[in-house]
Amino acid sequence: MTLQQALFLLFGLIALGAAVGVVVARRVFHAALWLLLAFFGVAGLYVLLEAPFFAAAQLFVYMGAIGILIIFAIMLTRGMMRQQMPRVNDQWWLAGLLALILLGVLAWLVWQQPPVVASRLVPEDSLNWLGLALIDPEGFALPFEVASVLLVMALIGAIAIVRER
Amino acid sequence: MDFLSNLIVNIGAWLRSLLIGAGMDEMGAALVVKAIGAVVVASFPLVVVIFLIWAYRKIAARMQGRLGPNSSGTWAGPYGVLQTFADAIKMLTKEDVRPEGVDPVPYNLAPILVVFASVVVWAVIPFGPGRELIGADLSIGIFYILAFSSAALVVFLMAGWSSNNKYATVGAFRAVAQLIGYEIPQLLAILAVVMVAGSLSMQDIVGAQDVVFLVAMPVTALIFLLASFAEVNARPFELLEAESELVCGYFIEYSGMKFGMFYLAEFMNAVAVAAIFSTLFLGGWRGPWVDQAPILGTIWSLVKMGVMIFLWMLVQITLPRLRIDQMLAFNWKFLVPLALVNLCVVGVVNRGITEWFPAGASAWTRAGILLVANLVVALATWGVLAAGERRQERRRVAWEAAQVEELEVGA
Amino acid sequence: MLGSFIFVGFLLVVALALACVMIGLSWLLRPKHPSPLKSEIYECGLRPHGESWVQFKAQYYIFALVFLIFDVEAVFLFPWAVVYNWLPFYAVLEGVLFVLLLGAALVYVWRKGALEWM
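Protein chains in written order, with this note's numbering: chain V, 1 to 165; chain G, 1 to 411; chain P, 1 to 118.
Be aware that a few hints might be false.
Short, incomplete list of chain V residues facing chain P, as computed with Cβ under 7 angstroms [to be verified]:
| no. | residue |
| --- | --- |
| 1 | GLY12 |
| 2 | ILE14 |
| 3 | VAL47 |
| 4 | ALA65 |
| 5 | ILE68 |
| 6 | LEU76 |
| 7 | GLY104 |
| 8 | VAL117 |
| 9 | LEU127 |
| 10 | LEU130 |
| 11 | GLY131 |
| 12 | ALA141 |
| 13 | LEU151 |
| 14 | VAL152 |
| 15 | ILE159 |
| 16 | VAL162 |
Computed footprint of chain V on chain G; a stretch qualifies when at least three of its residues, placed anywhere within it, have a C-beta under 8 angstroms from a C-beta of chain V [to be verified]:
| no. | segment |
| --- | --- |
| 17 | 6-16 |
| 18 | 34-48 |
| 19 | 313-320 |
It should be emphasised that the hints constitute simulated quantities derived from the structure, not laboratory data.
Ideal Cβ positions, reconstructed from N, Cα and C, are used throughout, including at glycine.
Build out the structure end to end from the sequences listed, making use of the hints.
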């Protein structure tokens, strides 16, 4: 077991465990906090994939902005903060069965594939390459600009919805 | 003398050779030295803050015409330097008054995470040239700092909500509203610096400052400074812990060491901001004679940090607080548009310099042209503000004239 | 590249340990005498009145939304900022266009009055 494998197990367990925590938490606020821990676990996985920029972006956007937005949305809902939700509902046996079947199918699919080997090592200056790809007209320049239009649309839509209240 | 001139690196090498001599392999020795380095880096802000609290109280007192911590009552060391230790002992031994109905997990986790987030950003602050005198020269340097300070915002919501107290909840909302607002101009200013330096790594940013960025981009530095003051709750943005207004805001229900940790984290954030500003805009460890004696790099960076900390203290002691609506309006209606305009101008001008001087412009030329561009932005902003003020004045005069007319008609 | 993250890992562990040690020390050293009077919530010295949940202003949510949009914008701009200086001039214009679109969004939000503190 190399250090990388051990760290992968650790972060994977954190992410999965926190995801389970989101579902079974009694209070909604606790579920939101478990979700933030799941984000942190995913950020650790990004570091192991040698994508530190994405790990930091995950912390920055997901934990910093979306996490806060989720908690604000929870607090905006009257009465949500006080209730204690039951951990599981009545159909837990059906959900468990379906989940196990899904797990079996996915595991069988992964088993069928040949082992994945990265074709190239991740370059040291991967951030530069990312920037180049984003700007290159034959690369992702158009999606880059369209992303900004998408963000503007999201903002206008959100303002339109929230202002009607 | 040679040993002294590169003191920290030499100590590291000596430790490593000691461990290898004791039988550890080279990888293990390097790891142990790294771990020791981590402990040193983690305790650096702690030690600085212990001294800083005393210094702040003494300087604030002298500026306000009183004595500050002293030994005229119980002995507290010469000039009262041991006052901080007395405060620390008091906080450690105070009872933790826990109000009813608090949610135990977020309530207890919040102080731990707040100190955690303040210490973690020190991994990428450079204390000297080369790879040895920085915790970890990450390729994403400054972005790492932004990520952790952004991720730490949710801790305030945890603290505020779990306290089961109206004032704490409102305080937490306001805290998050202020902090997320001022993060935008902060990162837009950092983007401008990154554009000129061409890299996110902190060592590269320091390396690109043949002319310090404070001279080349004063408007950017000012935007970053204001936004950072708001991020660390310094006056004039100290709304969140205004004792007379929100009764200490989101940490009302904390007592003893937990409150002490919030207090500590606030000071550590201030020191961190001083360090980041000095790295980004004052040239970090750069200074005369650093090539011959890299230890001077550490000394220069500490001196610059000290200057920025003193500036923080000066602003904190003399300025009053803004109201929440004034503060938010200042951010969204002034700082963010200014930061966006500044980003565009610096981007275009910087690229233009590379275009017009294909052979490579000297650092002073680049800095000079950027300075001119920044001054143009500053003048334009002043012009816009002045025009806005004149329009407001005209409107007020017209309104008053209308009032007078109404009175005359009525009479 | 991952080597430099080992230090970060160490620092994360040490920082967490430092915070826990401080709290642990306090837990060991402090007196524990809870009483019902001490456990009351602080409300300027008066008896606490009503629930501790307040009506949440929608304005906070709008600020968080605008912040999220600009946050994501910044994540897109960081790779651009790092490399744009070595590319032909149109690279600057791409980035400036991106920023101007979002500036227009800010102006829209401003004019709609969503940035007022009520």
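Here is how each hint holds up against the structure:
no.	hint	result
1	GLY12	violated, 16 angstroms
2	ILE14	violated, 13 angstroms
3	VAL47	holds, 6 angstroms
4	ALA65	holds, 4 angstroms
5	ILE68	holds, 6 angstroms
6	LEU76	holds, 5 angstroms
7	GLY104	violated, 34 angstroms
8	VAL117	violated, 18 angstroms
9	LEU127	holds, 6 angstroms
10	LEU130	holds, 4 angstroms
11	GLY131	holds, 3 angstroms
12	ALA141	holds, 6 angstroms
13	LEU151	holds, 5 angstroms
14	VAL152	holds, 4 angstroms
15	ILE159	holds, 5 angstroms
16	VAL162	holds, 6 angstroms
17	6-16	violated (count 0)
18	34-48	violated (count 0)
19	313-320	violated (count 0)
Going down the numbered hints, you'll see the structure goes against 1, 2, 7, 8, 17, 18 and 19, while the others check out.
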